[in-house]
Every structure is written in C-alpha cells, then in structure tokens.
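Engineer: Work out the full structure: start from the sequences and follow the hints.
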Amino acid sequence: MEERSRDSSSKPQNLHLLQRIKGFTRSLLEDVCIRHCLPSVTLDRYRNYCSDPTGNWYCCNSNLLNGEEILSLERESHAYRLDALLRVLLIVQTLLQENKHLSKRDIYYIHPSVFSEQQVVDRAINDICILLKCSRHNLNVVSVGKGLVMGWLRFLQAGRKFDCMRSPSTGHPIPMHVEEVEDVMCVAKYILVVEKETVFQRLANDKFCEKNHCIVITGRGYPDVSTRRFLRLLVEKLCLPAYCLVDCDPYGFDILTTYRFGSMNMAFDAKLLRVPEIRWLGVFPSDAKKYHLPDCCLVPLTPKDKNKAETMLQRCYLHREAPQWRSELGIMLQRGMKFEIEAFSVSSFSFLSDEYIPSKIQDGVYI
Amino acid sequence: MAISSARKLCQNLIALSIQRCRISNNLCRLSIVLKSPTEFNPPLLRVTISDTGAGSSLAEFKCMDWTSSQVSAETWDGVLSITTTSICDNEIHHYCLSFKETIATRRLSRLPTTPKNGRKFSGSEVSFTVQESIDDFVVWITQLCQKISILKIPIVAVELLVEQMNGPGSRCDHLLLAKDGILLPLSMPSIERLASGLEDYVLKHGNAVDKECQDCFSSREQLKVGRGVACSGPSVKTTVQMAEAVIVITEVPESSKFSCLRACSKMTEVLTPQMHKRTQCDRNLVKKAVKIALDDLKAKYTGLFLSSHALKIRGYAPDLSRAIAGLILSSNDKDFQGECASLLGLQPEDIRGEGIVDSCIREKIIGVIEMNDIKPKYVKEYAPHLFEDNSIQKEESQDEEDEGAKVGNCLKHAVGIKNLSCGKKDPSVHSTRTESWILFWAFSA
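The listed protein sequences derive, respectively, from chains B and F. The opening residue of the first sequence carries number 1 in the numbering used here; numbering runs sequentially from there. The opening residue of the second sequence carries number 1 in the numbering used here; numbering runs sequentially from there.
Derived from the structure by calculation, the hints contain no laboratory data. A couple of the hints might just be wrong.
Restricting the straight-line Cα-Cα distance to at most 27 Å, the calculated cross-link-like pairs of lysine-lysine (DSSO-like) are [to be verified]:
#, chain 1, residue 1, chain 2, residue 2
1, F, Lys179, F, Lys120
2, F, Lys334, B, Lys11
3, B, Lys22, F, Lys120
4, B, Lys133, F, Lys334
Between beta-carbon pairs, the in silico distance windows are [claimed, not checked]:
#, chain 1, residue 1, chain 2, residue 2, range
5, F, Gln222, B, Arg123, 39 to 49 Å
6, B, Asp44, F, Lys334, 28 to 38 Å
7, F, Ala299, B, Arg35, 19 to 29 Å
8, B, Ser72, F, Met188, 40 to 50 Å
9, B, Asp44, F, Cys231, 46 to 56 Å
10, B, Asp44, F, Pro189, 53 to 63 Å
Ideal Cβ placement from N, Cα and C applies to all residues, glycine included.
Structural biologist: Dropping the structure here:
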C-alpha cells in the first residue's frame, strides 16, 4: 500500500467521499431494518455513444445519463456483483481514511478467490465511481501505469521532478497520480500519440523528438486511465496540437476513438478522459497505395475484424463529429485489407521518422 | 406391475361400500372376507365385501364398465353376487351381475328375495370369485386396508377376515381392524383426520405401515404439517368438489443410525383406490390443495421451506452482512457507528462485540429473504425441489392410463401418498436431509 500522507483531514475530497460511503452504508441498513427489503444499489448508467439503427445520431444523449441500473440481492446475478462492490468499497473506505493508495491489482489480491478475475474488481471500482459520483483516482485506486512519454517536457509530480528534456529520446513511465502533476514546462511543437511501444521505440532510436521538437506518448495498446488523463492534461495546459498514429486495422481505429471519445466501460468519466482535439495522422487505408506498400504487407481482414468495423461504423459520434474518420473506416472495410505501421519500414527503417510523420504534419495530411 | 382388474374391482367395491356408509350417517362396519377352499387347483378365492351402510340403488353397479373381453382375459369370472337392503325395505334383495353378458341391459338378474320379518336394518354384500392365491391377495389387501385407515374416515370401521377352509373345519383369522377413524370425535374435520392419519403413517416408518420405529421420528413434535383444502364452485351439472392435501415434512440427521428410514423411503409411491378416471378438474383441484398446504407449511415454518432461488440468495447473506458490518466497524466516525447500532436495534456498546453487528445484519437479511419468499410473486417457485422428481406429474399420467370403473356421480375418492426424499441445496444444512410426505384426496362434498 502506497502511503501518500497520513493526514486525511488535509484532503477535503476524501472527507466528502467518506460521507457518501457512510450515507450509502446507512441506506443499506435502512433497506433491511426499516423498509424490510433486500439491500439494493441504484447506479446511473452511462454510455459514450449509441448505435441507433434509425440514424437519429444527432439527437443522441451520449455522455449523459442513460437510465439507471438497480443491483438487488433479489437477483442472483446481482448478488455476486453486490458482494464484490461492497468488498471493494470496504477497502476504498480504509484507503480514504488512511489516505493510502492501492492499485487495482493489489485489490484483486486481497480476495483473489472471491474476485476470481481482475475484471470483477475493475467493474466494482467503476460501479463505486458511479455510486459516489467521482473518478477512480478519487478513490485512491490507481492502475499500474503502462503508458510511456518522451520529448521536450518537464514537470513535477508530488514534488518529484520528471525532466524528459535531459534525454528527449528516452521513454519515461507516465505518472500514476496525474492529478498531482504540476509545473509542466515544455518547448515542444506538438504531441504525437502512437499506438504501439514498438513504434515508440523506433522513434526513440531515430531520435525523433530531438529532431522534431515534440512529445511522444504511447498507451501501449488500449490506453489506461493515467495515459489518457496525462495526455488530456498536456493538451489542456500546453495548448499543443495532438496527432495520433495507429495501425490501419479495426483495433487501431478503436484505440484512436478511445483517445478522442473515451471508452464505453468508463463512460461515466469520459468527460475527464477524452481528448476531442486529437487528430488522426495515420495510417489511412489510402496510404498503402500512396506509399507503394508491397502486397505482402497487406493482410485480409478477418471475419472478426469485419464485424468489429461494421459495429464501429454505427457509433453515433463518428456520424456526428468525425465523418471523415468514419469514411476512412468504411474504405478499410470495403477494401477488406489491413496493415501495420511497421509496414513502412520495408523500404527504410527510418522512413517513418524521417519522411512519413514529418511530411504528414508539415502538409497537414491528418483528419 | 399393473394392477389386475380383479384387484381394481375390489378397490372399487370397497370405495362404494365406504360411500354407502357415509350416506347412512350412522356408525358402520365394513367387512372384507376372504375365503379359499383348499381343494381347488389353481386356487380359487371368494372375496366378499359387506357393509352396514345405506342400501344400494344398484346405480353404482350399473355404471361399472367392464367389457367381456377384459373379464375373459383376467382371473375373475366376471360375475358379482349382490345382496342389499335399505332401512325402509321389507325384504333383502339378491342380484347377479354378469359382465360376460355383452348387452348391458341383460347383465343384471334379479334373484328371489329374503324377507326381513319386520326387522329394520340396512346393508349390502357383494362377492365375487377370483383365481388367485390367497396369500398374495392377503398381502395386497392388507396394505390397501392399512392405507384406507390413514384417512381415518369417520363412522366407518374396516375389518379384514380370512377364512381358511381346511378339510373338516374352517378357521377364521381376524387380520385387521381399522377403527381409528371412529375413535376420533365425530366433529373432527376431515382435513384434521387426514393430517392425523398421515402423521401416524410417517411415525410408522413410511410404507411399512405396520411397524413403528423409535429411531426415526420418536415424536409428533418433530413433524411439520401443512394442510390445504381446495373447493371447486358448484355448477349446474356438478356437485361441489373438494380436495384436501396434507404435507408432512421433517428433517432427519444424515446418520447411519437411520438406515431403516432410508430403506423405507426411496421415492415410494402408494396409490389407493382410484375409483374413477380423474378429470383435469380433479387434478387442478388436487394441485390447488397441495399448493395451499405448501403455503400453510411455509407460513408456519418460515425459513425451513425456502425456494431454491431464496436458498441461493441466502447463500450470499453471510458475505454481504460481513462487508456491511466491515463498513460500519472500520469507519472512524463514532457517531455514524452509534447511528448504525440504533438502526440495528443494538446498544452502542454492542458495536464492539465480536461478530454482533455481522450476525445482526445477517439475521435481518435472511429474515427479509424468507419473508419475500412467501410473497405471492414467488408462487410459481414453490420449493421446486419438492417436485423435481416430477412424481406428481408421473402419477397423473398413470391416472390417464387407469381404466378404473366410472361411477358417475358417486363418491369420487382418490388417495395418493407421496414420500419424496429431497436434498436441500443449502450448503449450511449438509448434515440433514428433508423427508416429505404428501397425502391428498378428492371427493364430492
């Protein structure tokens, strides 16, 4: 357990949440003792997009409340979820009282046989966030950071100095407690987000940041909360343009939309996690032809890929806010082929760093 | 094994006798006499069923529907000798009813009467001859009579006599006298008689109706009894139909000491008089009565008789209560803890007691689960494990096949006893096993 400060009274947010937890516990007791009904929990339901088949995307209330869900002991499937929620809530209450932090994984290992898998803890944490109307970090629950950052950047986190500028081509872990990041200093011209660590390392090897005066971030696949919050913080504080480079496949596209619109799982917190300003730098389906990629680099879409792409095409936010993204996705589906960013290294290892990315940014070939 | 038509006939005749006794409204005797002359091979058996009830109008016999082919395939000769007289008759009437006759109107022959010489009495005697070993028949009819005695029918005493004819003389063995019904107060409702009879039956070791075992259930207090009475509304064509059901449940420890019980209660089924072909209406009525009896049990013994759904939900109560207790006890807010103690009906000082808050919350949650389980919305989920062997349905399908004699508007009398062994799916009661019995019957009120 990571101890941040013993003085919880200095954290009004903690006291506020502790009050809510007590209120919730009281309501459970009242259910049983006064109302003589089984304990139940009412959770607001959120979503960050809809897939309205009628095409009424412009009236979609995404990011708003979308009804509520009542977890009651009367339903067996809810009983287990309620059990997990209460067990995690008990841990959270202790964390807040003692102002300590635990990772999601730590929490899982407190009752591994009961939780059975990490997803059970993750859902319980999300349920608690919705119940207490807060973000995960407010619960003093952190995820083991998996994001990396490099480039022309310096900041303090809980008094500790992160100076990426001393070695702009070296990756640093993105801090877990993003809310404690302060004094951000930067001399970069833009932020580049890359989907994969391999691409991040390629750019590091090519000293991309030094040559291009930028910041490069990777979430190593689907980005975690810290990475998204950190990116959002940089974009807000530094007012820099942000570009995203993902594989030309449905999963790359989904990762791209996670950065821009948030994920469905954490829709309740999407407004704090999304980066609407991010632009899609590549790679586009049309890049294969434009950059004369050899056929051997193109792989047919699997049925699962096609299904995923078709489902994503229905998302209301693509219709409403990113029609160009949507049409590129449509082209990918139509051509039935996918390829990875690394395909550009076929002609030259440093093609990505030397030509593809700089020329795209310089010429404004992003959407 | 399918019951022979001779035995079916015997069941019907006994039911008709009981009905005549009930109509007379006087204390009556019903005698079943078996005679077996030794000189015949294969052995012949003369069965006589006599009662001191009201005389017969013969309508119930005319309703009997035995075809000549059914009779010829059986060991029964197809002939009934009937003697009957009503209280107001001056003579005793004798008849011969032959089912070998294919034309129904020619079946009944009137025989010379016997004068009563001014004496006032009523009664009937019906006899027939069957080609069957007396020993086998005695075993069967003894069980039948014992099961009839479970009903504790008022005003009727049933006796079973066996007359062995051994060459020079004959010997009469008085095998059984079912008189429990007449010993009870006449005012005792039928459902109470049924309950008392089933309790006796259970105490006497399930199907081994003639044995008592002190190991299994030594006292009635251990038995949990539910009663249900269902009536159908009278219509223009029918009389009021009633069904009564009694359910007895008891929990016995799983222990080798009770091997006797297990030996006797392996999903046994006893069906006594199926006097008529049961209609859907009867079945529904019986189901309704069983349901009401289950309700009664659940209301009286809350918690013992939970649905499988409630049992599953109850399994979460300990974890949930522990977590809620944890939220209260680990809070650093003393006022909050005091508030919770007050909600739980505890004193503030109790809050620190080992496990007190936890067990208090658990009890309350379990209490709500049990209360919810007897609310109407769970009607369809009544202790489904009781019926998981589908024995009721099975029994009904047997009824469909039962070609018992149709007796029109005569007594509709059907008795079924179920002993359903069922394991409770509650992990907390591994050490016990639930034994249950259901007894039901339907009749015209």
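Engineer: Take the hints in turn and mark each one as holding or not.
Structural biologist: Going down the list of hints, with the structure as the test:
no.: 1; hint: Lys179/F - Lys120/F; verdict: holds, 25 Å
no.: 2; hint: Lys334/F - Lys11/B; verdict: holds, 20 Å
no.: 3; hint: Lys22/B - Lys120/F; verdict: violated, 87 Å
no.: 4; hint: Lys133/B - Lys334/F; verdict: holds, 25 Å
no.: 5; hint: Gln222/F - Arg123/B: 39 to 49 Å; verdict: holds, 47 Å
no.: 6; hint: Asp44/B - Lys334/F: 28 to 38 Å; verdict: holds, 32 Å
no.: 7; hint: Ala299/F - Arg35/B: 19 to 29 Å; verdict: holds, 22 Å
no.: 8; hint: Ser72/B - Met188/F: 40 to 50 Å; verdict: holds, 46 Å
no.: 9; hint: Asp44/B - Cys231/F: 46 to 56 Å; verdict: holds, 51 Å
no.: 10; hint: Asp44/B - Pro189/F: 53 to 63 Å; verdict: holds, 57 Å
In summary, the one numbered hint that this structure violates is 3.
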